[in-house]
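Trainee: Listed below are the residues making up each chain.
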Amino acid sequence: ILNVEQSPQSLHVQEGDSTNFTCSFPSSNFYALHWYRWETAKSPEALFVMTLNGDEKKKGRISATLNTKEGYSYLYIKGSQPEDSATYLCASPSGTGTYKYIFGTGTRLKVLA
Amino acid sequence: EAQVTQNPRYLITVTGKKLTVTCSQNMNHEYMSWYRQDPGLGLRQIYYSMNVEVTDKGDVPEGYKVSRKEKRNFPLILESPSPNQTSLYFCASSSPGGQGWSGELFFGEGSRLTVL
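So the protein sequences, as listed, match chains X and A.
Going left to right, the first sequence walks through residues 1 to 113 as this note's numbering numbers them.
Going left to right, the second sequence walks through residues 1001 to 1116 as this note's numbering numbers them.
Hints are computed from structural coordinates only; laboratory data are not their basis.
Please read all numbers here as calculations on a predicted model, not as lab measurements.
By construction, the Cβ of each residue, glycine as well, lies at the ideal position given by its N, Cα and C atoms.
Zero decoy hints are in this set.
One-sided and incomplete, this derived list gives chain X residues near chain A with beta-carbon spacing under 7 Å:
(1) Ser43
(2) Pro44
(3) Val49
(4) Tyr99
(5) Phe103
All chains should be modelled from the sequences, with the hints used to inform the complete structure.
Mentor: Written out as structure tokens, the structure reads:
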């Protein structure tokens, strides 16, 4: 089974700070890397889907990069705001011939006002 | 409005009493899947379906059944629920996209199930 790992497990930052988290995945048989934002009592919502090595995507103050050769993706949040508080999940398909998604356990971000 | 709808949202039941959690999407997505969320374990895939009448096991299928008779619906069936199936369940759908994996997952609002 493909192992998708995220770090840190949780972090607290002050409003206005910039922060980043890591998602690591096996680099063999790579198909795609998804990032989701999950607010408490809501359902996960897609931030980015990345497929190409070197991809960089941006949505407002949030951006992500992808390195498929070394098996990692970074998610960056610039100038964190309290409304950024959420759990950030990454997920990757598990390999040839199957359509299973393997999710990391998430990074729980708390932005303090 | 594009959405994935799950029902019920909350359910308390007893061991052995069959139940079905429904999932319906209005986006004409080919791919649908079920996940369970347990503390410290992340989202784990139970079953998925690539299209009508095509289903396959995820990583934790034991104790669950699914069916895909129509494109829009993908119910999750617990034939004889047990306490270890107490969890938060999410249904999701996507259109896989040109590369097969480039379509984002759209999640339902979740169904919190307690089995006593």
